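Visitor: The chain contents come next:
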Amino acid sequence: MTEAAVITTKDLTKTFGHFTAVDGFNLTIEEGELYGLLGPNGAGKTTIVRMLCTLIAPSSGTATVAGYDIREQAAQVRRRIGVVSDGVMLYRDLTIEENLKLFSTLYEIPNEQANARIKELLDMFAFKEKGKRMVKALSTGWTKKAMICAALLHRPSVLFLDEVTAGLDPQSAIALQEFTRNLCDQGVTVIWTTHYMGEPDKICDRIGIMFAGKLVKNGTPEELKHAVNGVTVVEADTPDLSREQLQKVKRKLNLNGTSKLKYEDSKLLITSDHNNDLAEQVATALMDVGAKIRAINTKMPSLEDAFIALTGGEEEIDRFVEAGQK
Amino acid sequence: MPALKIFTDSIAIAANEFLQFKRNRSAVLISLVLIPLFFTVSQGAGRGSAGSSYSQTANIPMVFVDNDRTMASVRLWQTLSGSQDFHRLTQASDEQTAIAGLGLKQYYAVIVIPKGFQNILVGSISNSTQARLILYTDDAEPGLTSEVTGTLTNYVQNFNPSIEVQPIVSELQLVRGRVGGVEIIRRGTSFPGFNIGLTVILAIVQIFAVFYEIAGGLSREREEGTFARLILSPMNISSMILGKTAFDLVLSTIRTFTVLGLGIVLYRGHPNTEIGTILVLSLLIALMTMGLGFLVSALKVGLRAVVILEFFLVLTLYAFSGLLIDKELLVGGAAVIANSLPFSYAFDAMRRTILVGRPLLSLTTDLTVMVASIVGLYVFSYVLLLTFRERLAT
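These protein sequence lines map, in sequence, to chains A and B.
Under my numbering, think of the first position of the first sequence as 1, with each following residue one higher.
Under my numbering, think of the first position of the second sequence as 1001, with each following residue one higher.
Take the hints with a grain of salt, since some may be wrong.
As the list claims (entries may be wrong) - Computed beta-carbon distance windows for the label pairs:
1. GLY1376(B) <-> GLU129(A): 27 to 37 angstroms
2. PHE16(A) <-> LYS1005(B): 30 to 40 angstroms
3. PHE1388(B) <-> ASN297(A): 52 to 62 angstroms
Said to hold, decoys possible - Straight-line distance between alpha carbons at most 25 angstroms, and here's what the computed DSS-like set of lysine-lysine pairs gives:
4. LYS292(A) <-> LYS248(A)
5. LYS250(A) <-> LYS217(A)
6. LYS250(A) <-> LYS260(A)
7. LYS132(A) <-> LYS1327(B)
8. LYS292(A) <-> LYS260(A)
9. LYS130(A) <-> LYS1327(B)
10. LYS262(A) <-> LYS202(A)
11. LYS260(A) <-> LYS214(A)
12. LYS1115(B) <-> LYS136(A)
In short, the hints are calculated from the structure, not lab data.
Owing to the predicted nature of the structure, the values given are computational and were not obtained by experimental measurement.
Ideal Cβ positions, reconstructed from N, Cα and C, are used throughout, including at glycine.
All chains should be built: construct the whole structure from the sequences, respecting the hints.
Guide: Here it is, written out as structure tokens:
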């Protein structure tokens, strides 16, 4: 544990019966860091958050949050964390103000301070008269904001945002990302879990890629992208490509398991590892099947490309997600 | 201070419950109006309650045999024959002839005033003796005996033979025997129409409403995610239990007065004890149910399952707790179940106070079982809620 480490985990494991949701998770997160946990549904992100915020006990391993052990000092941990998650909601039949008032009592915030803090938070999120509305009357976006207010009420040093942008409109999602970035600049440590690849790439200091309960790779967005340096991404602008033409192109390129081919909005995106001549091969294949070609570019791998490469390819992810659903 | 924190948190939880309850009009309507109204009215209508214009005994042929021939016995005859419940009561001079008429189906009941009736009544001022009258009924008519006994008891309990003779008969005692080929069964002490209804309704209304409010409320909190929000705060789980208990005790008090009001005003129930005693017993039943509700919710039972469990609970209590059949009358396995259910003792206390007028504090066994079961259920629920905290939060 470094001096500024706010969260440390050591071999953190959680099993539900025979199913291992989190398997030997090791991580250190420093003060003011915005750490993204990226992974498909069922990868174990939410289970990690629930263990770290003391909602569930680990099966084995240890972790400290804000300097306190999550097993032995759970009450101290709870006083120092804020959680925004779909499984942790506000009272629907109370107004936002009433919800915040209730939790300010439970967090032992003196009345005057609580009122000032509630006003500050409601102003911060521009609630205005909505503060007096019942939670059940709010849209998804406003509900999420209200949940963030409740999580920030007692000025936590660690904030867990679990799939917080799910269901939000793009503007709200961007505003929330900016707000979270500002919080971290003020010294709050944030764990941001998501399965949207674009989010952590933009805002996170570091990202952990999770798959099947394991932390596959951990680093800054740039480090993760460089970790898949061997990956080549080619984008071809080729309108009106038929299904048959697409199949022929795929056969001609002879793509392996970790490669990916996607056709959407006239754009053909092909990802393959260790293939320096990929752009030329794609151009040839498209011409051979009689496709129109407007442009062909070689791109830098994105975080999504890195994610797919690190987790064993799209088919592997699909298999995992399907298994999880079963 | 932890105790102060638990107290303030409990108040906050209770206030939160009130605020939500107040906003939910259907919950207010169901909990405080519909459930008490439904059970009271259905019970009252079903029994054709005492005091209503309908009497189940008015048209039953009965005979009154006065062996005492004193002012007290004559006044009793006048009271009964002039009432709306004994329209077909006639007088006979010979007891054996009247009993023979019972065997010949000429009458369905014979009321005999034994010699010394007035003397015993007068003597009961200074000693604890009780005047007796004897009731013979035709046991071949199921249900008739209890109806006649209940109605007669109502009159006898309220009978004041003269201004000079102050005490009234406090308890009707019946005798057992076989006379003239007709079996006379001692039915035990029976009580007027709606008083017994009150004991059943008060208990059932509390159990029905409280179980859903506690177990259902916690299930809903769990399913909606507010339970996780609460346990993520520095609140102790005991504050949640205490807060919800305080809230539900207020609702239970309102319900008790609603049922009592309806029972007394609408159906002329006449409890033989103070309102305070009834309230205490009603709240003890509510607390037992709350303990059970917390226990069930600690087992991660869903909202639908709570509703199903509630019906099983009420049916079980109807069958085995002395609500319909005195638990003393149950035999074998049913008796074992009845004696091991703490609710049986609560209903027993309810009957002994409301019907017979026993002081609450004299019912030491019933009170001990009730308090012990409340403490036990609450402690067990607390331990389970702590133990299964993880399961409940996910």
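Visitor: So, for every hint listed, does it hold in this structure?
Guide: Status of the hints after comparison with the structure:
{"no.": "1", "hint": "GLY1376(B) <-> GLU129(A): 27 to 37 angstroms", "in the structure": "50 angstroms, violated"}
{"no.": "2", "hint": "PHE16(A) <-> LYS1005(B): 30 to 40 angstroms", "in the structure": "33 angstroms, holds"}
{"no.": "3", "hint": "PHE1388(B) <-> ASN297(A): 52 to 62 angstroms", "in the structure": "56 angstroms, holds"}
{"no.": "4", "hint": "LYS292(A) <-> LYS248(A)", "in the structure": "15 angstroms, holds"}
{"no.": "5", "hint": "LYS250(A) <-> LYS217(A)", "in the structure": "30 angstroms, violated"}
{"no.": "6", "hint": "LYS250(A) <-> LYS260(A)", "in the structure": "10 angstroms, holds"}
{"no.": "7", "hint": "LYS132(A) <-> LYS1327(B)", "in the structure": "54 angstroms, violated"}
{"no.": "8", "hint": "LYS292(A) <-> LYS260(A)", "in the structure": "21 angstroms, holds"}
{"no.": "9", "hint": "LYS130(A) <-> LYS1327(B)", "in the structure": "58 angstroms, violated"}
{"no.": "10", "hint": "LYS262(A) <-> LYS202(A)", "in the structure": "23 angstroms, holds"}
{"no.": "11", "hint": "LYS260(A) <-> LYS214(A)", "in the structure": "23 angstroms, holds"}
{"no.": "12", "hint": "LYS1115(B) <-> LYS136(A)", "in the structure": "76 angstroms, violated"}
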